[in-house]
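Those sequence lines, one after another, are chains A and B.
Under the working numbering, think of the first position of the first sequence as 40, with each following residue one higher.
Under the working numbering, think of the first position of the second sequence as 3, with each following residue one higher.
Keep in mind that the hints were calculated from the coordinates and are not lab data.
It should be emphasised that the depicted structure is a prediction, and the values quoted were computed from it without experimental measurement.
Treat each hint with caution, since some may be false.
[Claimed, not checked] Pairwise CB distance ranges (calculated):
1) A:N76 x B:P124: 30 to 40 angstroms
2) A:E102 x B:S83: 53 to 63 angstroms
3) B:I45 x A:N280: 27 to 37 angstroms
4) B:M54 x A:T179: 48 to 58 angstroms
5) B:A91 x A:P242: 26 to 36 angstroms
6) B:A49 x A:G97: 26 to 36 angstroms
7) A:K339 x B:V128: 40 to 50 angstroms
8) B:V71 x A:K99: 39 to 49 angstroms
9) A:V414 x B:A49: 54 to 64 angstroms
10) A:A71 x B:M54: 38 to 48 angstroms
11) A:A75 x B:A49: 15 to 25 angstroms
12) B:V128 x A:K99: 27 to 37 angstroms
13) B:V71 x A:R363: 33 to 43 angstroms
14) A:Y156 x B:M54: 16 to 26 angstroms
Ideal placement from N, C-alpha and C gives every residue a C-beta, glycine not left out.
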Amino acid sequence: MMMRARFLRSILVCGSLLCLAGCNDGGGDPKAQIGANPPLPELQQYLLPPMHIAKVVGWKKGETPTVAQGLKIEPLATGLQHPRSLYTLPNGDVLVVESKAPPAAAIKRPKEIVMGYIESWATSGGNTGESNRITLLRDTNGDGIPDSQSVFLDHLNSPFGVALVGNDLYVANTDAIVKYPYKEGDTKITAPGEILTPLPGGPIDHHWTKSLVASPDGKLLYVGVGSNSNITENGMEAEHNRADILEVDRATGRFRIFASGLRNPNGLTFEPQSGALWTVVNERDEIGPDLVPDYMTSVKDGAFYGWPYSYYGRHVDPRVQPQRPDLVAKAIPPDYALSSHVAPLGLAFYTANNLPEQYRGGAFVGEHGSWNRQVLNGYKVVFVPFSNGKPNGMAQDVVTGFLDSNEHAQGRPVGLAVDKAGGLLIADDVGNTIWRVTSSGSGTSPAARL
Amino acid sequence: MRPTVTTYDETLVATALIAHRPIHPMLVPIPIVCFVGALLTDIAYYATAEMMWADFSAWLLVVGVIMGVLAAIAGLVDFLSNRLIRAQAPAWPHLIGNLVVLVLAFFNALIHTRDAWTSVVPVGLVLSVITVLILPITGWLGWTMLYRHGVGVTR
């Protein structure tokens, strides 16, 4: 085992040396690729892709991420198992979706052995105990802040998205949207779920998180289905109904492709002012430290956003064969780049009034953090100001310090939500914590501020 | 029958042996088959864009390089520990040619770690062709040492 580890490591060292000789790998200033129309360098092809993932060390007692001025942060729940997304119920209860990746598919290439081994350094944080369940956090003392935790729904299949419409609670497992009966105040669901519609799951299930949101009128559900590969290396037949946002009829379970070419769409949310559906998307890897910028975008009905054939509109990816110039011609660029490889997985528009004025109406984005560039990028929560339903201005760092001074990950942010009292909640899937960000001047109640 | 031919020179004996059988010729066919196979599966991928073929190539190259390195180690042991083997005319060209094959195949294996089309076309396929073009030459030199000079042959 040691021999194998040393052998793999020496291969990687050789690879990075080759790359140092052959290419300038640090990448440019990540901030240059934020906003509409980011500069896109020429693509480069590696002998070995850079793999630089922050090693997970976790939080010691009392340690927290760092917040921007005017804010404070505290742990709301700890000791969770890989919490990945959050949902606030109407009565203020918060659902924490704890989720593990589905079992790996059969290995297709020697590359997967090496990459899986390296990735195991980074994701070891949450794979120790029971997961694939939803934990309920409840406010028991009436201050609007959840303070007790219990298991709400167990034995799920790599769940991610949650949506409540009336008394129907939908959970997006990796392979199906499942409906459960829910009454306000329930602390546990024991009823068996009912499958509304199956979703593309295994045996290959590369991007497995299925983000879910209900339309404002409650008739439709939108579900993000990520691609089954980086760039079609598992074959085109594995991509059926993937890299899409599907629109599901809640009454019948019938679905159609609402938008396509979105490599790994997450954080599906309706923008409050325009009513448009927005998503954050993880773009493709292994063509350079500054390619391709991940992004957030409004999602137009019937639109095609490029994957796999092209990125940012009509920039053709030579790795896809056969090419489809007809589809590339239709591809539209997304609205707002978030910088390359930051891995946005959470999106929340802020319409409450606890946080300072400047944050109201804008979007928070949880950036899980990069693996495919030498200089780490992401590993933070940023704020994108909006006006008139569109991004308006530079993204600002709001919650940082997930990496320590050695660039080890104490935590990594994923899903976001806003709780009933207006606090911003952050699921930290390797720190196994839910963080709560509030205004530092306000106490915890919005009333105290008014 | 000429006794001078059938009685091999004991001093050309190999050093890397299993039960008096030289290891190098036992291992050498494996990388040769792997690299020729990788060329065939690269061509199949080029013709079909069917990922299965590119996956085959990636495995064949990795196994070929690993077994090729083992064969090279056995060959080097024989080469370095016997001055008379080193003195054979085909010995150096055989060594250098196969070193080139291994280096090319190593880079080819790295190229094949790319995703989808550019893992093969065009650089991977070109490297596979060059690798396989060198193999008959170095193979010929190796067979010359074994069958004509009797390197590694004991009686």
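Now for the hints, and whether the structure bears them out:
no.	hint	result
1	A:N76 x B:P124: 30 to 40 angstroms	holds (32 angstroms)
2	A:E102 x B:S83: 53 to 63 angstroms	holds (59 angstroms)
3	B:I45 x A:N280: 27 to 37 angstroms	holds (32 angstroms)
4	B:M54 x A:T179: 48 to 58 angstroms	holds (57 angstroms)
5	B:A91 x A:P242: 26 to 36 angstroms	violated (56 angstroms)
6	B:A49 x A:G97: 26 to 36 angstroms	violated (50 angstroms)
7	A:K339 x B:V128: 40 to 50 angstroms	holds (42 angstroms)
8	B:V71 x A:K99: 39 to 49 angstroms	holds (45 angstroms)
9	A:V414 x B:A49: 54 to 64 angstroms	violated (40 angstroms)
10	A:A71 x B:M54: 38 to 48 angstroms	holds (40 angstroms)
11	A:A75 x B:A49: 15 to 25 angstroms	violated (42 angstroms)
12	B:V128 x A:K99: 27 to 37 angstroms	violated (53 angstroms)
13	B:V71 x A:R363: 33 to 43 angstroms	holds (41 angstroms)
14	A:Y156 x B:M54: 16 to 26 angstroms	holds (24 angstroms)
In this structure, the earlier hints numbered 5, 6, 9, 11 and 12 are contradicted, and the remaining ones agree with it.
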